[in-house]
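Peer 1: Chain by chain, the residues:
Protein chains: 2
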Amino acid sequence: MYKPRLFAPGPVEVPAQVLSAMARPTVHHRTPEFKEIFLRTREKLADVCCVSGEDVLILAGSGTSAFEAGFLASVPKGTKVLGIDAGKFGERWIKMASTFGYEVIDLKFDWGKVAEPERLRETLKANPDIGVVMTTHSETSTGTLHDVKALAKVVKEENPDALILVDCVTSLGATEIRPNEWRLDGVFSGSQKGLMLPPGLGFAWLSKRAWSQQNLSPSFYLDLRKERKSQTKGETAYTPAVNLIYGLETSLDMHLEEGLDNVWRRRERFNNAIIAGAKAVGCQPYAERPSPAVAALYAPEGISAPDIVKGFTKRGMRIAGGQDHAKPVMFRPSALGYLDDFDVISISVALEASLRDLGHVFEQGAAVVATMKALET
Amino acid sequence: MYKPRLFAPGPVEVPAQVLSAMARPTVHHRTPEFKEIFLRTREKLADVCCVSGEDVLILAGSGTSAFEAGFLASVPKGTKVLGIDAGKFGERWIKMASTFGYEVIDLKFDWGKVAEPERLRETLKANPDIGVVMTTHSETSTGTLHDVKALAKVVKEENPDALILVDCVTSLGATEIRPNEWRLDGVFSGSQKGLMLPPGLGFAWLSKRAWSQQNLSPSFYLDLRKERKSQTKGETAYTPAVNLIYGLETSLDMHLEEGLDNVWRRRERFNNAIIAGAKAVGCQPYAERPSPAVAALYAPEGISAPDIVKGFTKRGMRIAGGQDHAKPVMFRPSALGYLDDFDVISISVALEASLRDLGHVFEQGAAVVATMKALET
Chain A
1 MYKPRLFAPG PVEVPAQVLS AMARPTVHHR TPEFKEIFLR TREKLADVCC
51 VSGEDVLILA GSGTSAFEAG FLASVPKGTK VLGIDAGKFG ERWIKMASTF
101 GYEVIDLKFD WGKVAEPERL RETLKANPDI GVVMTTHSET STGTLHDVKA
151 LAKVVKEENP DALILVDCVT SLGATEIRPN EWRLDGVFSG SQKGLMLPPG
201 LGFAWLSKRA WSQQNLSPSF YLDLRKERKS QTKGETAYTP AVNLIYGLET
251 SLDMHLEEGL DNVWRRRERF NNAIIAGAKA VGCQPYAERP SPAVAALYAP
301 EGISAPDIVK GFTKRGMRIA GGQDHAKPVM FRPSALGYLD DFDVISISVA
351 LEASLRDLGH VFEQGAAVVA TMKALET
Chain B
1 MYKPRLFAPG PVEVPAQVLS AMARPTVHHR TPEFKEIFLR TREKLADVCC
51 VSGEDVLILA GSGTSAFEAG FLASVPKGTK VLGIDAGKFG ERWIKMASTF
101 GYEVIDLKFD WGKVAEPERL RETLKANPDI GVVMTTHSET STGTLHDVKA
151 LAKVVKEENP DALILVDCVT SLGATEIRPN EWRLDGVFSG SQKGLMLPPG
201 LGFAWLSKRA WSQQNLSPSF YLDLRKERKS QTKGETAYTP AVNLIYGLET
251 SLDMHLEEGL DNVWRRRERF NNAIIAGAKA VGCQPYAERP SPAVAALYAP
301 EGISAPDIVK GFTKRGMRIA GGQDHAKPVM FRPSALGYLD DFDVISISVA
351 LEASLRDLGH VFEQGAAVVA TMKALET
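Protein chains in written order, with this note's numbering: chain A, 1 to 377; chain B, 1 to 377.
Chain A with its partners taken away, still in its complex shape:
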């Protein structure tokens, strides 16, 4: 029997109750029925984003559409932008801003390293005309969790007028995000990550300061101001992805029932347990400060990471490989989706089996036992 498992950093294993919620008959989006569902779901989404009572906008699109919409809704034309570039997604936002004609300073950090607040400070000091800082929170390509709270503090200290826009695509639902307490200006995410839905929804929150910006670049489908005007009333500017929104409510209910603190703790516990298991069989973590969203791991010396990924695949378990220059050396299992302790242990079982196939020598059960022990904490 082939039973596929999707343990990648998005898309992820979707709970059956979410899939069946999505199979409910589509309601028309200009009706009181939809309005009620939509307003209720938006309220729960704001709770899960730790901005209760505020506007988190829901788009039919991916996380990228949400970041782009938020950028276009808050960055005045001609603004000098700084992009923290410590992986593929940091790079993406720099490309995006450049595409729309913005001057962008590319603040590079080695892959796997944390973006150092003090280097950001120096760059801001040297360029007092920087109006916007863009960063990822959980940089999925390197498995790194940037210290967004500390980065935002530096931005506000150096230039209180500057905005900080944060890619929370894989961090939402995986780890603590406090948009207001940390004084962030934009938080963007997508459905197929911590929220455990199929892909197809983008989420965007902006601060008061971000909403107050003017002289913006044009946008139409991704016009967040138009969306905000509609969504506040329980409508949408364009036709929403109704059935995904059914699934979203189910997933949000699951999060709120478990409690956000518990969800975050559980995800961190899972990720640490995956890393502990991997270390026990000679796979070191890639990230200086691991993100609970994904365990980026080095293959043991002399073993090809793509071959490890293939070993997982052969067993019906889908994990991610490395990207770009990290492809030969990195593999990335993730507990971002619908997983429990048994699933996390299964990841170590699959890792052991894949490594043995490749001739790597270790004591059988070493990864599994290390994972089991780590899960007990």
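Hint data in this document are derived by calculation from the structure and do not stem from the laboratory. Be aware that one or more of the hints could be misleading.
Any copy will do: because identical chains look the same in the list, a pair fits if it lies in one copy or spans two.
[Unchecked claim] Heads up, simulated DSSO-like pairs for lysine-lysine below, C-alpha to C-alpha not over 30 Å straight-line:
#: 1; residue 1: Lys279; residue 2: Lys208
#: 2; residue 1: Lys233; residue 2: Lys125
#: 3; residue 1: Lys208; residue 2: Lys95
#: 4; residue 1: Lys113; residue 2: Lys156
#: 5; residue 1: Lys77; residue 2: Lys95
#: 6; residue 1: Lys80; residue 2: Lys95
Start from chain A and add chain B according to the hints.
Peer 2: For chain B alone, coordinates are given in the frame of chain A:
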């Protein structure tokens, strides 16, 4: 027992087999499994769009996102644009083009009227610098089917270099579209209309001439050229709405099995039967040339159209009302979704019941019998 029915011009009644296809576990989008599903589905989509073997791109977004993407991928900066404006959606594209800084000539026609090819010809003669013509095919707000074939002929006769971009949002799957034979340059649609899916996917096809344009406005999430490069290989530039794509394949299979000619004939027969029933109880069609996608109908003199819509709603049947100035006088049932003869007759049953509630006098069964007779043809 409350059994809701969604007989609006989108979203529509989704077949249970489509909903259950969507409930299949999400696969990762960077895998051979997805690639196979995606390439196969894209091939079937091209067949249903009558452009077999060509590229129809699939976006995570609405029909509006697809039109915007197609526009930005094919209209050089500074192009003078003509928008045919005979209803809400014609208006939308004019607003969109203006938002992105294009000069737009607004060629107005009264609501319910067909866009006359000869008026288009005059305008093109008077403005030989028009580079792009935008039109709707089925203008949903007025229930009108524009003669896109004739309009395209005029464009190519007057200015062979000009492009014609067509909003086929409600016409795809509802009536004949021949992008190549008619020499169209852009065809755009969405999932929640004739293809009977929940909302969340946009579709875009461009002609060779459209793809060859240069000096374009910037786009990032909606960059169709980037999508084309990926989708040709069975990938996507950004994360695709995987589960909606499962549903799409099921719906395309249903269309191809029935045969496109049969689907179009059936939809026209259904729409004519709705109109025949309505006429028998004093409701005249709004459109000079009705679109098979939706029956736009006048309420009988002295009766409020929103009250008729309410009468349907009370019976669990959701139809659309009129928009803007047509709101007081228009109601719009539609057979765009998953309907059969019984459902079409039920629309007339609901119409009779709603009209009787409002004191309108007619022979009981008149609408129903007229609909039944019309269905026999």
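Peer 1: It remains to establish, for every hint, whether it holds in the given structure.
Peer 2: These are the hints, each one checked on the structure:
no.: 1; hint: Lys279 to Lys208; in the structure: neither (44 Å within a copy, 54 Å between copies)
no.: 2; hint: Lys233 to Lys125; in the structure: neither (42 Å within a copy, 45 Å between copies)
no.: 3; hint: Lys208 to Lys95; in the structure: both (26 Å within a copy, 27 Å between copies)
no.: 4; hint: Lys113 to Lys156; in the structure: within (23 Å within a copy, 57 Å between copies)
no.: 5; hint: Lys77 to Lys95; in the structure: both (16 Å within a copy, 21 Å between copies)
no.: 6; hint: Lys80 to Lys95; in the structure: both (14 Å within a copy, 29 Å between copies)
Of the hints listed earlier, those the structure fails to meet are numbers 1 and 2, in rising order.
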